[in-house]
Amino acid sequence: MNMELYLDLHSQPCRSVYLLAKRTGIPFTFKSVDLSAGQQFGEDFGKVSVVRKVPAMKDGDFILTESVAILQYMVEKFPQLVPGHWYPSDLQRRALVNEFLSWQHTALRAHGSKVFWFRAVVPVVTGVAVPKEKMDSALEDLKQTMDLFQSKFLKDSSFIAGEEVSLADLVAIVEIMQPVGTGLDVFEGQPALSAWRERVKKVIGEELFDEAHQSIMNVDCLAKTFQDNGMLEFLKPRINKMFT
Amino acid sequence: MALEIYLDLFSQPCRSVYIFAKKNNIPFEFKKISLLEGHQYGEDFGKINMMRKAPAIRDGDFCLAESVAIMQYLAEKFQTPAHWYPSDLQQRARVNEYLSWQHMAIRMHGSKIFWLRLLIPKIMGVEVPQDKMDAALEDLNGSLKLVEDKFLQDRPFIAGEQVSLADLVAIVEIMQPVGSGLDVFESRPRLAAWRERVRVAVGTELFDEAHKDILAAQEMVKNMDASKMQVFKPKILKLFL
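Protein sequence lines, in the order shown, are assigned to chains A and B. Under full-length UniProt numbering, the first residue of the first sequence is numbered 1, with each subsequent residue one higher. Under full-length UniProt numbering, the first residue of the second sequence is numbered 1, with each subsequent residue one higher.
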């Protein structure tokens with residue numbers, strides 16, 4: 001039986017897992033979990049993951065959550081499919097990848113997600129825009145994180161770990177694309193960052209990259225989707241808790 | 001040049017790196033920094049880690065931040081016993097899963113409790129509003145429940161029969177709210193039993209030594225000069241209040 005990947009491509013960590021699997025030809029069954037319909041809270045998905053988050057992987061009896069762990073697992077399990085540069089065995093290169101994968105949780109991921117929620121989700125659910133002060137603060141955090149990403153993690157290299165793409169670039173790009181989906185072009189006026197994006201897209205494959213990002217680039221649909229799925233009342237208290 | 005490890009044992013990720021290095025007899029120079037005194041903002045430290053955080057290492061020309069990455073690096077470089085970061089595919093995945101999950105869960109929630117109970121009242125001169133405290137406690141309890149019900153279950157350690165990086169990272173984070181006077185183990189016998197297993201596996205003397213400062217935090221914070229800590233005010237207002 002194929003490995004099952006439980007995914008919603010609106011979610012950044014789902015995209016990185018999806019992209020690695022598709023790019024390298026790892027056989028899997030795509031199990032859709034519609035976050036906008038609250039499917040992560042359903043009984044079926046509860047049997048897969050008590051944490052109620054995506055992505056999740058089911059490989060036979062073995063269930064694994066956390067995209068970073070899933071990516072590392074896929075690299076290790078399919079050495080014949082996944083070239084070594086994705087998770088280099090060289091001590092220092094691997095350390096650079098690990099350093100980024102650790103840092104990104106509370107930096108690029110946290111701030112990119114927040115801007116996404118503030119721009120695309122909160123106004124739809126609550127009916128009002130996020131107060132300017134909060135929005136400016138979130139945008140400032142994202143800007144600082146992006147600056148740090150460029151000055152520390154990219155520096156003058158082609159990719160985070162050096163001259164070849166790795167899991168770090170994959171995780172970075174999907175997180176950076178999240179605020180982009182709301183119409184915030186973080187690449188504007190950033191030639192070095194844009195050049196890096198193009199290099200990563202080329203390695204992944206333009207068609208595959210665009211396909212994976214189709215949902216997030218169409219978040220205007222979210223308003224209607226939440227309404228159709230009856231999710232507005234469900235999301236309201238969660239949003240209040242997250243951001244107040 | 002010896003491996004340099006920049007540490008402040010008030011910080012959870014510094015404790016895991018310290019314990020790991022000492023337990024495995026990894027030779028290193030302990031470079032003490034004080035986060036509450038703002039050493040991370042100094043020019044010299046900026047050259048080691050421009051993210052201005054601890055822990056950080058300098059190994060010859062190579063600088064590295066992020067405790068998880070540091071321990072993975074040290075484990076590989078010094079070929080520490082396999083149980084710390086098992087090579088078995090599924091066991092390693094269990095460790096990686098925990099190391100990933102913990103950043104935005106137990107680490108975040110345990111840190112917040114420490115700030116809300118100890119540092120914020122000291123620096124801002126006011127107690128944190130009850131509703132904020134309650135919400136933070138609810139989050140911490142949720143994370144602790146997941147540690148018990150998902151990551152440990154009925155296993156002696158997170159990855160199985162032996163201690164690993166996952167347990168080390170978990171324990172140092174859980175000890176942080178304990179340092180603020182909140183005994184999270186009191187009502188959790190399974191968790192307390194696991195703590196003792198980790199403490200023994202690491203070495204009780206080393207464990208206790210690493211946690212000496214954080215367990216004396218209430219007293220230490222009481223004696224700190226709040227006027228010297230005002231630099232943290234904007235961060236506090238932004239993150240917690």
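Calculated from the structure, these hints are not laboratory results. Errors might be hidden in some of the hints.
[Said to hold, decoys possible] No farther apart than 30 Å at their CA atoms in a straight line, the calculated lysine-lysine pairs in the DSS-like style are these: (1) K77(A) with K47(B); (2) K77(B) with K143(A); (3) K241(A) with K122(B); (4) K53(B) with K143(A); (5) K143(A) with K222(B); (6) K132(B) with K236(A); (7) K152(A) with K238(B); (8) K22(B) with K132(A); (9) K132(B) with K155(A).
Okay, the hints, checked on the actual structure:
no.	hint	result
1	K77(A) with K47(B)	violated (38 Å)
2	K77(B) with K143(A)	violated (35 Å)
3	K241(A) with K122(B)	holds (26 Å)
4	K53(B) with K143(A)	holds (19 Å)
5	K143(A) with K222(B)	violated (36 Å)
6	K132(B) with K236(A)	holds (18 Å)
7	K152(A) with K238(B)	holds (24 Å)
8	K22(B) with K132(A)	violated (49 Å)
9	K132(B) with K155(A)	violated (40 Å)
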